[in-house]
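Engineer: Sequence:
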Amino acid sequence: MNIKKKLSQDKKILRTIDRIIAQHGHYKWVGMISIFILVAFAGDLYRDHVITTMAFGSVALTLGAIDFFLVVRFDAIYGAGPARWRRWFVMNHWMSGMFWAIFSVSIILYYPLSTSAFLVVMLAIGMCCLTNVEWSPYYRANLIFQSAVFIPLIFFVLLSNTLNAYAIGAMLLTIYAMLLRQAKMLNKRHWSTIYDRHELEMKARDLNQAVTIATEASQVKAKFLTNITYEIRTPMNNVLGMLALLDDTQLSPQQQKLQEVAVQSGESLLHLLEDVLDFSRIASGSVVLNESMFNLRRCIDQVLEVLGPVAHGRGIDLSSVYERNVPLRLKGDRERLTQIVSNLVSKAIGVCDGTEVVVRIRLDRDDKMNGRLSVSIVLDGAELAGNVVDTVFEAFCRSEDMQDTNEETGLGLAISKGLVECMGGNIGFENSESEGTYFWFTANVGVSTQQAQKDDGAKMLRGKIALLVGLPRGVEESLRSELDSWGMHCTAVGSVKDQENIIELLKRREQEGHPYDVVYINSPLRKNYNLDLSEYMLKNADVKLPKQVIMTSLAQRGMDVQHQDQGVQDVEWLTKPLTRSSINHVLAKLFSFDEKLTPSDAKRKNDDTSEEQDKHILLVEDNKVNQMVARGMLTKLGYQVTTANHGKEALSILDQKPFDLILMDCLMPEMDGYAATEAVRKREGGGKRTPIIAMTASVIEGEESHCLAAGMDDYLAKPVNVVELGGKLREWLGEGRDQDIGDDQDVPLSGQH
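Oh and the sequence shown: position 28 is 28 in this note's numbering, straight run, nothing missing.
Hints in this document: simulated from the structure, not taken from any laboratory.
It cannot be assumed that every hint is accurate.
[To be verified] Subject to a maximum C-alpha distance of 25 angstroms in a straight line, what follows is the list of computed DSS-like cross-link-like pairs (lysine-lysine):
#1 Lys539 / Lys497
#2 Lys331 / Lys188
#3 Lys539 / Lys507
#4 Lys648 / Lys688
[Unchecked claim] DEER-style ranges, computed between Cβ atoms:
#5 Leu538 / Leu733: 35 to 45 angstroms
#6 Ser495 / Ala217: 34 to 44 angstroms
#7 Leu163 / Ile20: 22 to 32 angstroms
#8 Arg181 / Leu38: 54 to 64 angstroms
#9 Glu199 / Arg84: 44 to 54 angstroms
On a predicted model such as this, the values are computed, not experimentally measured, just so you know.
Glycine residues also receive a C-beta, built at the ideal position from the N, C-alpha and C atoms.
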């Protein structure tokens, strides 16, 4: 393809050329108007030929106005139609050439070989030379303009039939020929230059793309290795921290929970290693499913229990809702199904901006022995771009819209996709206005002919009435479904704050002879829970109070002692996420249909930790496990502890009250320890200085100097043991405490920043 034809189709190039020609066109009109005024009014033209002068002037002003309008309104007119703008501008350019040719001929005829004739001829030559350069991209338009100017001049000069006229005509003809040759050369050179520049830009762009692709590939690999290292190290450090804390316990229920968390962390490491192997197996097509009968609800419940603390930490409620036809026992690969659900729920928690993630389970039966399990993980408050749908299940694919707090590599979802396909199902991600944003997958499963039945406790619960207060939609649906299966009736009230209406509702139901038997009160995750409703019911209700179930996260369970101290009876605590076993366990305790689950009247003993301590320490740490371990150390040493998750939160807490010492992690989200320390020192000015001790796992040379330069007073390297921590605190607090800390209390903080 011809170079010009190839590039003339590039609208961007043509627009640039047209803009340059339009911007430089005013030089031509400045010269034309100036010479016209000089010749017409300084010479004899206006005096001898008034009408002719006025006619030429009107034409010149009209053509100049058109040119000016096309230049000023370039963007608007060109944007509406580039070809139309170019046609008008070229025609006006030709008309200006013809005008000057006619004007020049008139001057030559009126005043042959005069100064005026010389001026108009010289301007014509200069104007053509300038146009030759400016209009070099458009050879044909330039050729017409040159011809419109020179041919009339040459013709009428030769008509004078004198020797001087012949000489001038020959000179004009020579200049005309030279300009035509130059125009052709300039046109060819112009497009060759544009072509070379265009090709150079294309090659540079291709090279940049290749470099970008190679860099991104390298970054993905490096990121993957970094994430794997991080994911392996974190669970192991968690295990060490939790098991170290267990050394001082006697496995009370709370300590048992810590032990379970430690075990789960160790198992997380094994699961991660298995993920790597699974990905390799899926890629090679060597996955083998281990099918057996399993309890589907227990499988889902275990996933929610493990991920519950993570979700609650982000203010997200987890729940599961089963359609009535979903049986308890299915045949399939339990571990693989658990792995898929765990991966999807974990991803849902990471990208959810709302308050709920609901797992919905349905079974479509093919026959009595087989069915198709459908699981949807519905997100509240997630708005993701449409292009994410095509890449979310690709390994190592990262999208800004899918970025979560764990910075996952995408390996888990890629594995889930491969496992689902091995089970004969499909997997996907949808954005629907009617159903919301959700992950989903299907899998072929077998159905057991032997299903568990309700025990005798159902007789005691049938007909009982429950009031559900302030439950999120998914949690309410989950609890209502389970209570309905026991034959109970449920009424829901939207808000815990609606205390007076709740009391009126209790009174009205009692007067009608259908009092509530139990009230489920939800503790919101994103607010500091208080027992206002329970206290209000206790103090203001002149009716028999129903039994109460307070629904909290694991982190909120410390409130049960406070509630019992206030004298409220028949209260049980239900830890979220809700599971069938936990719901049934609480019902059995409240209504005593299982002797082993009869409520105990014994009150918990208050520990010495309720006593006021004289030293208060602010712990600034973003890692929850590190917080737990460090808090355990500080509590053992006898200090009061307040925790902050990052620097901004620490500054907010410091605005409310002072502290005796600050333990500051260095690398945190929102605001790191260095910036937070500088802000603290700036606020202090020249006043009282609060000791700040840095805690960091960084092994970079000069880290300690960096901490001291930021305004910190001392430095502790992770993992921190309680002996070293206690000595450092006593040093800065000026104490001589003799704590009984033992000889084997090396409790590590996980090596995270």
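Engineer: Hint by hint, work out which the structure violates, then give me just those numbers in ascending order.
Structural biologist: Hints 2, 6, 7, 8, 9 are the ones this structure does not satisfy, whereas the remaining hints hold.
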